[in-house]
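Use these hints to put chain X onto chain H, whose structure you have.
Residues per chain, in single letters:
2 protein chains.
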Amino acid sequence: MSSDSSLSSSPDNSLGATVPQAAAINRPMDLVCGANLPSHSLIFETYGILNKARSNAILICHALSGDHHVAGINAEGKVGWWDHYIGPGKAIDTDKFFVVCPNNIGSCFGSTGPTSNNPRTGKAYGDSFPPIQVRDWVESQKYLMDHLKIECWAAVIGGSLGGMQAMCWSLAYPDKLKHAVVIAAAMRLSAQNIAFNEIARRAIQSDVEFKDGHYLDHETSPKQGLALARMIGHLTYLSDDALGRKFGRLVNGGDIGTTEKELGEFEVASYLNYQGDKFSQRFDANSYILITKMLDHFDLAQDYNDDPAKAFGHAQCQFLVVSFSSDWRFSPLCSEQITDSLMSAGKAVSYIKIESDQGHDAFLLPNSRYQKAVSLYLSRVSNELEESSL
Amino acid sequence: MSSDSSLSSSPDNSLGATVPQAAAINRPMDLVCGANLPSHSLIFETYGILNKARSNAILICHALSGDHHVAGINAEGKVGWWDHYIGPGKAIDTDKFFVVCPNNIGSCFGSTGPTSNNPRTGKAYGDSFPPIQVRDWVESQKYLMDHLKIECWAAVIGGSLGGMQAMCWSLAYPDKLKHAVVIAAAMRLSAQNIAFNEIARRAIQSDVEFKDGHYLDHETSPKQGLALARMIGHLTYLSDDALGRKFGRLVNGGDIGTTEKELGEFEVASYLNYQGDKFSQRFDANSYILITKMLDHFDLAQDYNDDPAKAFGHAQCQFLVVSFSSDWRFSPLCSEQITDSLMSAGKAVSYIKIESDQGHDAFLLPNSRYQKAVSLYLSRVSNELEESSL
Chain H
1 MSSDSSLSSS PDNSLGATVP QAAAINRPMD LVCGANLPSH SLIFETYGIL
51 NKARSNAILI CHALSGDHHV AGINAEGKVG WWDHYIGPGK AIDTDKFFVV
101 CPNNIGSCFG STGPTSNNPR TGKAYGDSFP PIQVRDWVES QKYLMDHLKI
151 ECWAAVIGGS LGGMQAMCWS LAYPDKLKHA VVIAAAMRLS AQNIAFNEIA
201 RRAIQSDVEF KDGHYLDHET SPKQGLALAR MIGHLTYLSD DALGRKFGRL
251 VNGGDIGTTE KELGEFEVAS YLNYQGDKFS QRFDANSYIL ITKMLDHFDL
301 AQDYNDDPAK AFGHAQCQFL VVSFSSDWRF SPLCSEQITD SLMSAGKAVS
351 YIKIESDQGH DAFLLPNSRY QKAVSLYLSR VSNELEESSL
Chain X
1001 MSSDSSLSSS PDNSLGATVP QAAAINRPMD LVCGANLPSH SLIFETYGIL
1051 NKARSNAILI CHALSGDHHV AGINAEGKVG WWDHYIGPGK AIDTDKFFVV
1101 CPNNIGSCFG STGPTSNNPR TGKAYGDSFP PIQVRDWVES QKYLMDHLKI
1151 ECWAAVIGGS LGGMQAMCWS LAYPDKLKHA VVIAAAMRLS AQNIAFNEIA
1201 RRAIQSDVEF KDGHYLDHET SPKQGLALAR MIGHLTYLSD DALGRKFGRL
1251 VNGGDIGTTE KELGEFEVAS YLNYQGDKFS QRFDANSYIL ITKMLDHFDL
1301 AQDYNDDPAK AFGHAQCQFL VVSFSSDWRF SPLCSEQITD SLMSAGKAVS
1351 YIKIESDQGH DAFLLPNSRY QKAVSLYLSR VSNELEESSL
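Going line by line, the protein sequences match chains H and X. So the first sequence is residues 1 to 390, counted in this note's numbering. So the second sequence is residues 1001 to 1390, counted in this note's numbering.
Next up, chain H with everything else stripped away, as it sits in the complex:
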């Protein structure tokens, strides 16, 4: 039951140009918070070909600042954020799988979010966008699944907040996925993680341009606050070692001068400032607040007496759990707790800790052992598909 792969057999292993699609969901969606969205739209990309049995679809779930453009090259010439892992012959092989990646609601890259028009008011949602939860993202992705007439995902895959969605899928729709690949994730955030997110939010909210969240009405933008938020995030996604290796204590510009302003700037500072400023051009502040709160409030076992094994008892899929040795924001310990809970629940789980000095960011970066682990696991998934079609 392999699909026709003629379209994706490009010799350079690249998907080439990608085109985003849109799905309009013109019926209300109830949210965990009790509010509902009267309608919403999802922008998404797909790669590879859906087989006749419609059984080879993989859902990719993005993290905090991700979007739908996960692989290939889009119209602006931008390479997808996980292109190293998705494409013909790659770990997530588009010769075998039909890969779907939506931008999630509440975000700011085309799907319904704070910058979208609220049909009830005729104005942008802004800070009145309801407080969505991971479960709401899964629900919205379920609408997309129905839209694409997919009965069951071959796998749901995600890193960081994406891994939380994969876990949430396994509990919310146990019979709608065969495999969950949970990368650099946690069943819930630690107090330290929540604290970093809180500082990021306060940086945004205390920017005078934020205007209590109504910056769109005022035609301002809390760029400084958003840059600071990103700098905090970015720094905590990297390891001390990786930063040391990359920047050490190199100083740009002059040496110590006679006024404070003449001190040279450390390269790590220029780098972070640049990353922060770049991010503040492309991301929406209300989305950042919304999605970091979603992260903070995710708690896999909350509805199961705080017993993760009891929660995972409802799962029917198999799991691959991946962690990275130098990730201190979502440490290997978090992945090991997921793995232990799955084992306690009697579920099939494979776990691999990848040696890397890249911190949390490692989940996005090329790494041969990581690629091999995902590739081998998905070969098994692909083989299962072929067997079930015999």
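Don't read these hints as lab results, they were simulated from the structure. Quick caveat: nothing in here was measured; it's all calculated off a predicted structure. Warning: the hint list may mix true and false statements.
Ranges of calculated distance between the beta carbons of each label pair, as one might list FRET restraints [what the hints assert, rightly or not]:
| # | chain 1 | residue 1 | chain 2 | residue 2 | range |
| --- | --- | --- | --- | --- | --- |
| 1 | X | Asp1030 | H | Asp217 | 53 to 63 Å |
| 2 | H | Asp241 | X | Lys1149 | 29 to 39 Å |
| 3 | X | Gly1264 | H | Ser39 | 55 to 65 Å |
| 4 | H | Glu355 | X | Asn1383 | 23 to 33 Å |
| 5 | X | Val1208 | H | Ala53 | 55 to 65 Å |
| 6 | H | His314 | X | Gly1248 | 23 to 33 Å |
| 7 | X | Arg1120 | H | Asp217 | 31 to 41 Å |
| 8 | H | Asn118 | X | Gly1264 | 51 to 61 Å |
With a straight-line cut-off of 25 Å between C-alpha atoms, the simulated BS3-like cross-links for lysine-lysine are [said to hold, decoys possible]:
| # | chain 1 | residue 1 | chain 2 | residue 2 |
| --- | --- | --- | --- | --- |
| 9 | X | Lys1223 | H | Lys223 |
| 10 | H | Lys211 | X | Lys1223 |
| 11 | H | Lys142 | H | Lys52 |
| 12 | X | Lys1211 | H | Lys223 |
| 13 | X | Lys1149 | X | Lys1178 |
Just so it is clear, CB atoms sit at the ideal spot from N, CA and C, and this is done for glycine as well.
Here is chain X on its own, set in the frame of chain H:
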């Protein structure tokens, strides 16, 4: 040669009321940067009694946000920041030692700093205060030493940035101290540390109330930025474990509501916000920028071909080096590098790593093993003093 301890034999182990003193240094002080301070004053406290040989004086060096009120209770009823360790019968025993702690220049608690009047202009220094270095703090402390007619410190003691001063003393004035106690310090900051400081500075500088550093002229105060800076600092001085133990995922107020604003706030967030706001009332923004840059630019071995053993070759004192197991801002590795370098230089060094889950903050907090280590070391120092007086 024990001093008259009648004054400090209070039964409750407390120093009681303390009174700050001031030393006016009415001659120019050359700074590392090439500028000079035409004059400066230092505010300081002392405890215990200087013996006749003037040999039992201990200098305490404060860290980033510290002040001269290190022990006892001041006129405002505030207990000193290291009162657990300094007092009659305590680890730094004021029955035996004469303890001196100045507020350092560039800070904002009474010694000359950005909020002080520049005698050359008749206006507050503000952001034109010269970029002081750790070496400048040592130089200024040397003026205080002369002012107090102390020939040689029995010990120079400090944690964090205070430990950097103790190390700097051992190189700048090798024959002016017998012992250096270097606690939770580093020979230089890592790129990660510099990056956290950079984000803190940008938070201050991007506050519209900062006014390019001229907020005193505008009668504004970048309180939001300073609060954010402190929140970042404070969070990184704590360990993930300590935060988890103290706050876990406890939520204040309501549950998830129908708008984003109705989400409960995590207690760790309230705590950090409170700490940030409190700090922004008492600290000066230009001082914060100045002193974090001082931290970033400290590099013990920079003038010694980046060879710390070569640098420490100039030291004549003995060393106690202390680290804390869960300190990730100035990790045990940093203290072990100091210890190894001292050993390579053939210096007498004792090293102890204290088990603690309190992170970098552990250096300020009660801990019986830590207290015992400092106490035992200083008993030796005290015994040496008695022997040398026989």
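Against the structure, the hints:
In this structure, Asp1030/X and Asp217/H meet the distance hint of 53 to 63 Å, their C-beta atoms being roughly 55 Å apart. For the hinted restraint 29 to 39 Å between Asp241/H and Lys1149/X, the CB-CB distance of approximately 48 Å leaves it violated. Distance hint for Gly1264/X and Ser39/H: a CB-CB separation of about 29 Å, inconsistent with the stated range 55 to 65 Å. Take Glu355/H and Asn1383/X: their Cβ atoms lie about 50 Å apart, and the range 23 to 33 Å is violated.
Between Val1208/X and Ala53/H the beta carbons are some 60 Å apart, a value that agrees with the proposed interval 55 to 65 Å. Judged by the Cβ atoms, the range 23 to 33 Å given for His314/H and Gly1248/X holds: they are separated by roughly 25 Å. For Arg1120/X and Asp217/H, the hinted distance range of 31 to 41 Å is not satisfied, since their beta carbons lie about 48 Å from each other. A C-beta distance of roughly 25 Å is found between Asn118/H and Gly1264/X, which places it outside the suggested range of 51 to 61 Å.
Between the alpha carbons of Lys1223/X and Lys223/H the distance comes to roughly 19 Å, so the proposed pair stays at or under 25 Å and holds. Using a Cα cut-off of 25 Å, the hinted pair Lys211/H and Lys1223/X holds, with the two alpha carbons roughly 17 Å apart. Simply put, Lys142/H and Lys52/H have alpha-carbon atoms about 20 Å apart, close enough for the 25 Å limit, and the pair holds. With a CA separation close to 17 Å, the supplied pair Lys1211/X and Lys223/H stays within the 25 Å bound.
This hinted pair checks out: Lys1149/X and Lys1178/X have alpha carbons roughly 16 Å apart, not beyond 25 Å.
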